[in-house]
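> Spelled out from the first residue to the last, the chains are:
Protein chains: 2
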Amino acid sequence: MTTPFDDLMAHARETAALEQVAGRLGWDQETVMPRGAAAQRSEEMAAMEGVLHARRTDPRVGDWLAALETDTLTAEDLAQVRLIRRAFDRATRVPARLSAEIARVTSRAQGIWAEARAADDFDAFAPTLAEVVSLKREEGAALSNGGDVYDAMLQDYEPGITGNELDALFGRLRPRLVALREAVLARPPAPALTGVFDEAAQMRLSRKVAGVFGYDMKRGRVDKAVHPFSSGSGQDVRITTRTAPTDPFNRLYSTIHEVGHAAYEQNVDPRYLLTPLGSGVSMGVHESQSRIYENQLGRSRAFLGWLWSEMRDAFGDLGLADEDSLYAAANGVHRGYIRTEADEVQYNLHILLRTDLERALISREIEVSDLEEAWNRRFEADFGYAVDRPSNGVLQDVHWSVGLFGYFPTYTLGNVYAGCLHGALRKAVPDLDAHLAAGDLAPATDWLRDKLQRHGGLREPLDTIAAATGEAPTEEPLLAYLETKFGALYGL
Amino acid sequence: MTTPFDDLMAHARETAALEQVAGRLGWDQETVMPRGAAAQRSEEMAAMEGVLHARRTDPRVGDWLAALETDTLTAEDLAQVRLIRRAFDRATRVPARLSAEIARVTSRAQGIWAEARAADDFDAFAPTLAEVVSLKREEGAALSNGGDVYDAMLQDYEPGITGNELDALFGRLRPRLVALREAVLARPPAPALTGVFDEAAQMRLSRKVAGVFGYDMKRGRVDKAVHPFSSGSGQDVRITTRTAPTDPFNRLYSTIHEVGHAAYEQNVDPRYLLTPLGSGVSMGVHESQSRIYENQLGRSRAFLGWLWSEMRDAFGDLGLADEDSLYAAANGVHRGYIRTEADEVQYNLHILLRTDLERALISREIEVSDLEEAWNRRFEADFGYAVDRPSNGVLQDVHWSVGLFGYFPTYTLGNVYAGCLHGALRKAVPDLDAHLAAGDLAPATDWLRDKLQRHGGLREPLDTIAAATGEAPTEEPLLAYLETKFGALYGL
Numbered sequence: 000m001t002t003p004f005d006d007l008m009a010h011a012r013e014t015a016a017l018e019q020v021a022g023r024l025g026w027d028q029e030t031v032m033p034r035g036a037a038a039q040r041s042e043e044m045a046a047m048e049g050v051l052h053a054r055r056t057d058p059r060v061g062d063w064l065a066a067l068e069t070d071t072l073t074a075e076d077l078a079q080v081r082l083i084r085r086a087f088d089r090a091t092r093v094p095a096r097l098s099a100e101i102a103r104v105t106s107r108a109q110g111i112w113a114e115a116r117a118a119d120d121f122d123a124f125a126p127t128l129a130e131v132v133s134l135k136r137e138e139g140a141a142l143s144n145g146g147d148v149y150d151a152m153l154q155d156y157e158p159g160i161t162g163n164e165l166d167a168l169f170g171r172l173r174p175r176l177v178a179l180r181e182a183v184l185a186r187p188p189a190p191a192l193t194g195v196f197d198e199a200a201q202m203r204l205s206r207k208v209a210g211v212f213g214y215d216m217k218r219g220r221v222d223k224a225v226h227p228f229s230s231g232s233g234q235d236v237r238i239t240t241r242t243a244p245t246d247p248f249n250r251l252y253s254t255i256h257e258v259g260h261a262a263y264e265q266n267v268d269p270r271y272l273l274t275p276l277g278s279g280v281s282m283g284v285h286e287s288q289s290r291i292y293e294n295q296l297g298r299s300r301a302f303l304g305w306l307w308s309e310m311r312d313a314f315g316d317l318g319l320a321d322e323d324s325l326y327a328a329a330n331g332v333h334r335g336y337i338r339t340e341a342d343e344v345q346y347n348l349h350i351l352l353r354t355d356l357e358r359a360l361i362s363r364e365i366e367v368s369d370l371e372e373a374w375n376r377r378f379e380a381d382f383g384y385a386v387d388r389p390s391n392g393v394l395q396d397v398h399w400s401v402g403l404f405g406y407f408p409t410y411t412l413g414n415v416y417a418g419c420l421h422g423a424l425r426k427a428v429p430d431l432d433a434h435l436a437a438g439d440l441a442p443a444t445d446w447l448r449d450k451l452q453r454h455g456g457l458r459e460p461l462d463t464i465a466a467a468t469g470e471a472p473t474e475e476p477l478l479a480y481l482e483t484k485f486g487a488l489y490g491l
Numbered sequence: 000m001t002t003p004f005d006d007l008m009a010h011a012r013e014t015a016a017l018e019q020v021a022g023r024l025g026w027d028q029e030t031v032m033p034r035g036a037a038a039q040r041s042e043e044m045a046a047m048e049g050v051l052h053a054r055r056t057d058p059r060v061g062d063w064l065a066a067l068e069t070d071t072l073t074a075e076d077l078a079q080v081r082l083i084r085r086a087f088d089r090a091t092r093v094p095a096r097l098s099a100e101i102a103r104v105t106s107r108a109q110g111i112w113a114e115a116r117a118a119d120d121f122d123a124f125a126p127t128l129a130e131v132v133s134l135k136r137e138e139g140a141a142l143s144n145g146g147d148v149y150d151a152m153l154q155d156y157e158p159g160i161t162g163n164e165l166d167a168l169f170g171r172l173r174p175r176l177v178a179l180r181e182a183v184l185a186r187p188p189a190p191a192l193t194g195v196f197d198e199a200a201q202m203r204l205s206r207k208v209a210g211v212f213g214y215d216m217k218r219g220r221v222d223k224a225v226h227p228f229s230s231g232s233g234q235d236v237r238i239t240t241r242t243a244p245t246d247p248f249n250r251l252y253s254t255i256h257e258v259g260h261a262a263y264e265q266n267v268d269p270r271y272l273l274t275p276l277g278s279g280v281s282m283g284v285h286e287s288q289s290r291i292y293e294n295q296l297g298r299s300r301a302f303l304g305w306l307w308s309e310m311r312d313a314f315g316d317l318g319l320a321d322e323d324s325l326y327a328a329a330n331g332v333h334r335g336y337i338r339t340e341a342d343e344v345q346y347n348l349h350i351l352l353r354t355d356l357e358r359a360l361i362s363r364e365i366e367v368s369d370l371e372e373a374w375n376r377r378f379e380a381d382f383g384y385a386v387d388r389p390s391n392g393v394l395q396d397v398h399w400s401v402g403l404f405g406y407f408p409t410y411t412l413g414n415v416y417a418g419c420l421h422g423a424l425r426k427a428v429p430d431l432d433a434h435l436a437a438g439d440l441a442p443a444t445d446w447l448r449d450k451l452q453r454h455g456g457l458r459e460p461l462d463t464i465a466a467a468t469g470e471a472p473t474e475e476p477l478l479a480y481l482e483t484k485f486g487a488l489y490g491l
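Protein chains in written order, with numbering that gives the first Met the number 0: chain R, 0 to 491; chain W, 0 to 491.
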């Protein structure tokens, strides 16, 4: 005789397994799918989505949840139930008609966005974006249950956070980031790598570095793709990478970034495999792992010392004077329009801009017809120069075209969390730099695995960070880290 | 307002799409899956099987079939309905408890078989095989609806054929195949390729040959795997291959064989994409395509003329005197125990042996405890020498351990069908050899596509062959082809 909890967990395990299958279909599409298979693949994806949607809204899940006796459950089991209940409520609040309509419109919108971006023509995209915004407002209203619509949207990516909390946090970040950007860009530019860097050598080096950062190749693999990404949970977590012949940092740091995501998934407690607890808890906490791997560790002066000899072994003369020059080159701050190419100083300004605009869009403070002008005005205010064309501005990111509203702020939340984790890590491992300088990442990655990664979805995002660091997350460690690091690098 | 037929087809399309997803999971497992992902993968596979089983037994399918008005349906639509009805009846006749038990036992049995084969110890496998046989007898009884149990099993692989028909057909094949084998093996052996053949050159040549045989790389890809296989239908049909450094024929002919399977799937009418008609109609007809590509075309004297210069370009001196020697080497008949290594003369004797034994097992004429002795007795009778150890005898094939009973005879049916198709092709394209000698396979592959492949599951297997050749299939063309070809090669 099974209990409602047993039934619930058996159902959740199968759903988790099917989600892995659907996710791997996405990996396949980006890496190995024959190019003539697109039409068939979209039917396959839609069929898998149909299966998953039916499972997520299965009325038996509601019955089991209602019949559950929670007195006898452990803290872990209660966390499983909490995540199952959230997913069930989320899935059942949105009418099937609306979900299907969003899928239909965003699938079309992505193509229209890509064409508009190529043509540098926001007006060609605006009517379609307006349709997406309208549908997402409707979905948000269904999800919000009478509460704030943008808050409801945030729960898909960062459960527990609100728009007002973001507003306060980002309001404290913005002036100090703007001031730091201004001060840094007034100084002479950093040295840069020049030349062409052999692809095979780049591949060998990035594989070695992936291993150094703890990526387990027995439960993963590295393939080439147009965009770097990490995919899958548990025993099968794959990353992709790409090579830029004149910029070895591109492959190297995108690999370290994806290894941060992948290590989080690989290091979740095996007891949680294929359960709701068995994955990273939120987009923001996920990004904290990729960012601390990439930036606080991977772009540290100590690690660049180790990398200097590795890169010289791999590529020969780098055209740079010494380790300090390589450190400066890996941390160069340059004018630019594009979020994905931004450095640590400017990246969050890109996010703050998008967060404010999308929140205003959802709350109807602005409409899509106002968006391009609002973007350009804000960009000039925060970056000090004007957007030259829509593909460098409002059209640069895919997110809104595919209906991702509430997603952008998790990038900056991840950076804020990474700042907190880095502060606590430095206290826990006082000789960290000596290890980093020797290419020994284990003290850092072991600490992150033990304090954070192994717990998967056990705690809510903010509690996950607080449990790891011992205090509630704030922006202060990130700001202090950035001001100290770039102050020294640029002689401020 | 949709009709029951519309509902039935919409459901069938989604099922077909999900079957493609499940199949690709199998491809992934054999080619790119991280080796540490096996446990998670088996849960993923089981979850997909659960989804497919629920769809196949969905009571709505029964309702739609019952409500269907067939008067207005086209011949194609009627064929769709016929296949849907067959799959529904098949799925609903077997109790869920029995299906689950078979899945559980065969999953375990495969490992036990592999260990027993490695240890050359049939007794270590026999009790488990007895369990499998007992469960498969029970399943066959459920499927047979009071009819013959082995006949019911055959329907999973070759719908429309019966054990008695096989008995008659194979009874006519056996004496002439035994006589041909005896006569050939009494003659001096054929010349053989010697040396080591560069892997990259083997890869390039096999890719070129795959293209020559019409494999469409835009809707496919070639990867390395332990066993060559073809996977998928429609727009995404992938093949695998392997390289033997001292035997370039291994990779070359296994590639041509898999291209035969893959071309059949790629060439089905695109209107049938992701429907029951959208795949090859049976295992036997599938094997007819792989075999005619590999043997009647790929091992023909004319094609070996073209291959002679291609192989010399790829590998340099082959250590053979001329085109005739290469033709003889590609068609060498040697003593051996292993089905998968057998030549055209001996291959079907392996199948006849297995078919008779498995039919006797299912009908309880013999039991698992009699199997090894029965195998060895029959082998010596047909091959003229004794089995030296179980791994060269009764333990050599995986099929029975995973519950495949009724599958073996489709290999020989495929060869018989290939013989019929080859006869008709030669009449339709009198100058075929001139094309083959120039490496131009198009007249053959176009004919097969037009006469057979494009129709997918439209007609029953025997009708599929009869529609292509203009007459009911018999063993005579295959036997005449083998006796003529090997009579000439071995100077009989």
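Any given hint could be a false lead.
Claimed, not checked - Not the full set, but computed from the structure, chain W residues with beta-carbon under 7 angstroms of chain R:
#, residue
1, Glu18
2, Glu29
3, Pro33
4, Ser41
5, Val221
6, Lys223
7, Gln234
8, Gly331
Keep in mind that the hints were calculated from the coordinates and are not lab data.
Beta carbons are placed, not taken as given, at the ideal position from N, Cα and C, and that holds for glycine.
> Run through the hints listed earlier and report the numbers of any the structure violates, in increasing order.
1, 2, 4, 5, 6, 8
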